[in-house]
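Visitor: Could you use the hints to bring the two separately framed chains together as a complex?
Just so you know, the sequences run in chain order U and Y.
Under my numbering, the first residue of the first sequence carries the number -3, and numbering increases by one thereafter.
Under my numbering, the first residue of the second sequence carries the number 11, and numbering increases by one thereafter.
Read the hints as simulated data drawn from the structure, not as lab findings.
What you are looking at is a predicted structure, and each value in this text was computed from that prediction instead of being measured.
One or more hints might be untrue.
Computed Cβ-Cβ distance ranges for the label pairs, DEER-style [what the hints assert, rightly or not]:
no., chain 1, residue 1, chain 2, residue 2, range
1, U, Pro161, Y, Gln19, 51 to 59 Å
2, U, Tyr192, Y, Ala153, 43 to 51 Å
3, Y, Val26, U, Pro209, 52 to 60 Å
Even for Gly, the Cβ is constructed at its ideal location relative to N, Cα and C.
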Amino acid sequence: MTSTTGAAEAREAAARFRTVYADIKRRVNQMMVGQDEIVDGVMTALLAGGHVLLEGVPGLGKTMLVRCLSSAIETKFSRIQFTPDMMPADIQGTWVLMENDQGRHDLRFQEGPLIANLVLADEINRATPKTQSALLEAMQERQVTVGKRTIKLSEPFCVLATQNPVEQEGTYPLPEAQLDRFLLKLVVGYPKEEDYGPILDRTIGDSEVTIEPVTNAAEIVRLRHIVRAVPVPAHAQQYAIQVVMGTQPGSPYAPKKVNEYVALGSSPRGAQSLLLAAKVRALVNGRFAVSIDDIKTLALPVLRHRLLINFHGQSDRVTDADIVAAVLAAVREPLEVAS
Amino acid sequence: MAQEPLLQQQLNHLAVRAQRSLGRWAFARDFRLTVRDSLVWLLVAPVLLSGVQVALLLAGRGPLTWPTLAWVLLSLAGPVGFVVARMASLAKHRQLGRRTCLGAFDLQLNSHDRLVTADEFLAGGASDHFRQAAIDDAADHIARASETTLDEKALPAWAISQRSWAAAVVALALIVGAQWIGHVALGIRNAPDAATVLTTANLQTLPARVAASLLDLRPNPPRPDRPAPDEAAQANAAQPSPDASPRTPRTDQEADGQSHAGGQASSRSASQAMASSGTPSNQQTPSQPLEEDPPQPQDAAAAAQAKKAEGKKGQQQASSATSGQGQSKSSSSDSNSIPATDQPDRAGANKDDGKDEEGIQDEQEEEKTSGVERPSLRRNKPPVDRNLSNRPATDQAGPNANGRSGPGGRKKTRGVPAMILGVPTPDRIQGMTNPGRSKVTQENSTPKEEPQSALTAEERAARENPFGYIEHPLLRPWMQNLVEKYFLQLREKGGTPPLRKETRQ
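With the rest of the complex left out, here is chain Y (with noise of 0.2 Å):
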């Protein structure tokens, strides 16, 4: 009892070492920790500075013609803040508890908690003999530790995983290419004229959007010739197209010999032919704005020639792809009236299609509720011939046409060879037919009370013959034991075994 304020002394004082030695130990651990994780803070400055630069480049700004120190020293300040944010908040919630320190040198002197124990039942009192013995066998222990120093802990390794290794390396590119941006627009800006622009910027490799504002930022020259922009757009209307046909859609159709679908197949994809290669009517039309420049007299007579010889070039591709064996018939004023003649029939094909699609709607439901999927015709394609491409059925055979539904021509029905199919079908007809239309309603009823005789008993008759033999349950050992003691007994006693009452009788 009288060493307890003394044991309690020396818990303390080894508290304070062991607090003293594990803080240290703990900010170098905490510090190395911090650092490894700090690197990939590295891409915060060059990711914000270069996005800064695209902005300013793009809003027709100057760039940032800051120092490559400057960026470098900038782009520390990310691990440096992590760094010190970080040590901050883990100095302030690092907890080196009474328990730990003491446990600290419980675990170094393998001396099984018994520091830590003494110092709780110390403080909470040794209510009991257990507890006060336990005080007493920690007493070695506690002067062992006094003499001890706390071994230093093992810091982890400056280890820098590849994560943060590539996080510098892209903070760096980023820097690079931040500040080579920013050169390239410099020199654009100083440049004298367009032409010098369009060889200083290398548009294959700047962003098309970049390069469009780079296109912006050399100071613009004076536009006398050109016309205001209304103008231009009536000068457009009213001039008509140098390829405009004056043929109806009607008269396309029939001169073009084709069924209706095949008309709009061949009139889109040649539509797509053109405008990818861009058609004078293109051209005219005021909202491009990289065309908005009216080029040089002569360079735009030349382009223009170019442009039309590329279109009719494009056309005609496209006529020949969209109608397979060389059979093409349209021209360029057919795709020229491509729009006019489209209205009334996607007109009418929309109104069809409003019928189509509740049609459709009406199928769906019908499937849903029967639960069979039904085929749909409507989804029919025309069939393919030999090469696999959709084309409307004629009876107007191809160049190579050999007779046997070869490429183009229907088939000719001579012979047995005629009754082979010469031409691969798919099926018109898709998913799994249905028993037909099946409607399930259900109807309340209420429930009818039927009428029913009354059943009478008959009399059971007496039983006239025998149970027949009636087999005995055999005794177990134990039983024909007790029977054989029972009938013994009462032998010796002289009497008799009670009879059944039949037997009596």
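Bound conformation, chain U alone (with noise of 0.2 Å):
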């Protein structure tokens, strides 16, 4: 009786999760067309507790999209525009000499943009390395530590960074160590052809498309606790291990495309990102527990910037799309009679 009611109980969970899910990109999908696997990407790392790199040509909807992601949900929203001289107090906070009511001037505490809910880090390759190891702290110990004060980031906190892989005149490349703290990175594509008219409606007309918030903070961090709790069956598990072992130069699932063109493969943390990324695609697909199909789709977004490939792949043009395709392909899936 007592089993009956906990599944009873998951289930409904499992049913709240998917309607919040499917409210949240309904709203959102008002203004955005045409990157459906782009909204449930972001939505993917906002439920899974992660952050988001989105990189793509001027133009394609990233700022929009997490504009739309923040006014559908209730949250502290605010949006860094990267430059060159952008420093570290300029989105962390700083002291700054302030009048108090008695008409004394003390130092207070001025928080930065940094300190939000939702953050928006627009092109975010064009700080220099030390404003963007400013964000390291935060995306992975949630608080800020400015000279002897840390602050608690509130929950839920989410990056969501573009970048545009074109314009490298001017710009910094991220570092190994921020990269690996995204937990997806999507590349944002061109519309369809029948996306165009539908984009051209809602952005050129008179009338302004006005997103409603359908959830808030504490929802979101409620949905968190239950993608926490989608189990990992053991045969996923070892799937996922193998996969990011694979992209690994020299480990012995690595294909020979790993062994020639990668230097420096995934770390563990690209199997955590990989399995909560899948157990919120499993939620969403309405499973209790990870499969291997949901760790073969989410492991290009995972893993593809946690490789780092050598002289000899760029020279011969290898993508890390190559390289994840070779790597899939080289693991056996465990359900695969073995040859």
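Guide: This is the structure we're talking about:
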């Protein structure tokens, strides 16, 4: 009887998760057209408790997507437009001389835009490594330290960063340590022909689309707990481990392409991210456990930015997608008959 | 909770069904792959049997005379043995686990691992709500799988690689070749005499060793005239060579009118020519197995004359090739006396070489220490003539000499044309010059104290001139506002700004 009740609770939680997910997505899709995979990816990262890096040429709606998401969720949202002259204090906050009620002046901490729930880090690769590194503590430890003061960031905290891969002049590529802290890297592509009409109708018309919030920060935190409760079967976990190890040159699961072209593979954080994102996908698809399909689908956005392709690979124009595809082809699925 | 045993039972049943089906498929797949790889093993038996065949022939025994069918059957034993061994090994190591069997249903029904997951959670005990929900979720899929038959999986094609075809062809060729060798050897073995042997066995096509072995296969005829090897050697030593020259090496050199180096070169090339053509003295040496048998008396005499003539011809060719423009003065006696003349020269040369080697080693060490390659005059060669052939410098002009360092003869020094180099002369000095011998030595030395007188500080004088204009930093807008607000507030309260000490004073 207890187990039946427990299963019913789990089914109810999963149903609640799917409802909120669908509501948020519907609101975002009021403005976003033809970017279903990207919207799913961003919401997966948000609900899995990670951060997401959106990469694409200008004009594809990266910033718009994040703004729509922040409108659909009633949370504290801030936007940082990164520039080369931006300093860590500009995003974390700093001590400023302020006048108090008695007319006297004292130093007070002025919070930076990083202290919010949803942070849009626009064109993050335009900031210097010093400023980019200021994000590291916030992204991993969920806290900001300025001088001797440490501020705990409120949950949910999610950094949604965008970067433009085309304009490389005056940019600073993100360091590996920071790239590893992004749960997903989503590459935003051009919309299809049939999507152009709705995009133009919604953006150049007289009417302005207003997105009403459908949930709040507390609900997002509850959904994150549901995600953590999803179990991972042994075969799925084994497969995720082998896929992550397959990206590491010299490992027993690494294909020839990895050994030739990859200088640095994914860390165990890649396996954590892979399974967390797979849990969200399992719930969204109405399942109560992670499957091999979830891992295979999410392997590319989770692992692509954790690979460092060496000089030979760059000269042979090998992409991270090629490497991940080679790994997925090489690692045997646990349910397949051994050859 | 009540349906868990039922689900477990259904999953067990599904696993057994899948194991049976997948087992059949895996056996068929392994068999095809093994057969495909086994054709290479066709080579094993033919290679071994051919080796045995040749070994028997070389050992002087009779060849293998098995029928072709036996050879073919033995060849097929390789692939068959390989297939049996490999299939046994694969059957031993083939693992069709429960997960794989249930996974086959998952893959076929596209149920996203629900069966495998439920089986795992049932086996481990559903400890939390989501595991229980996953088991419940899989119930429908398990029922669906119970009504489903696993599809036959595709088997690999019977594609035989080019390597396998090549192996089969090579095996066939080896069988045919080994049998042919056996037939030929058998024919030779049964042949009546040596003449038949030489005509039957085609020595141009058989390997030399096999041919030599074949010659030994025939029955040995009686040899009454053949002397003992020791006696023959003594007789050879006592009997002088018909062309032996009584002249000494010194007289040879004087007669040739050539330098020492030239004499060495000509005598060496002449000896090579003699070795290739076969001189009478070579025939007398008892170390050639193929020429041990004394030929028939008439044939022997004719062969000796023919070889003598060939030897002379070869010496003439060799000497003419050595001296270039037909200035050969060497004769057959010279070439016969070459070993005697060579001995002292080589001994002397070896002594010199010993000294030279020491000198060369010293120079090499110096080059290593100095890092610069020095010219090595020891490696110099005599200059070449217009025909680019090494030739000792002589004043004697050849028949085609034109007086301008044409073919042969030293260049005449007459007029302006004589100043132009007519003979392309290569550089005699190789390498780069270096500044000379240098030696670096390091010596340990102890530091010495050097006394230094103490410096006295000068007194600093007082400032006499003003500092000049000091620019005040510009205040930022918020600073200006701050200052403005401060003074306004101060004014509103009726106070006065604090004055600096100097102003107050």
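Visitor: Next step is simple, just say for each hint if it's right about the structure.
Guide: For each hint, the structure was consulted:
1. At about 56 Å, the beta-carbon gap between Pro161 (chain U) and Gln19 (chain Y) stays in the expected band of 51 to 59 Å.
2. Taking the beta carbon of each, Tyr192 (chain U) and Ala153 (chain Y) are about 47 Å apart, inside 43 to 51 Å as hinted.
3. About 54 Å separates the C-beta atoms of Val26 (chain Y) and Pro209 (chain U), a value consistent with the hinted range of 52 to 60 Å.
Going through the hint list in order, the structure satisfies each hint without exception.
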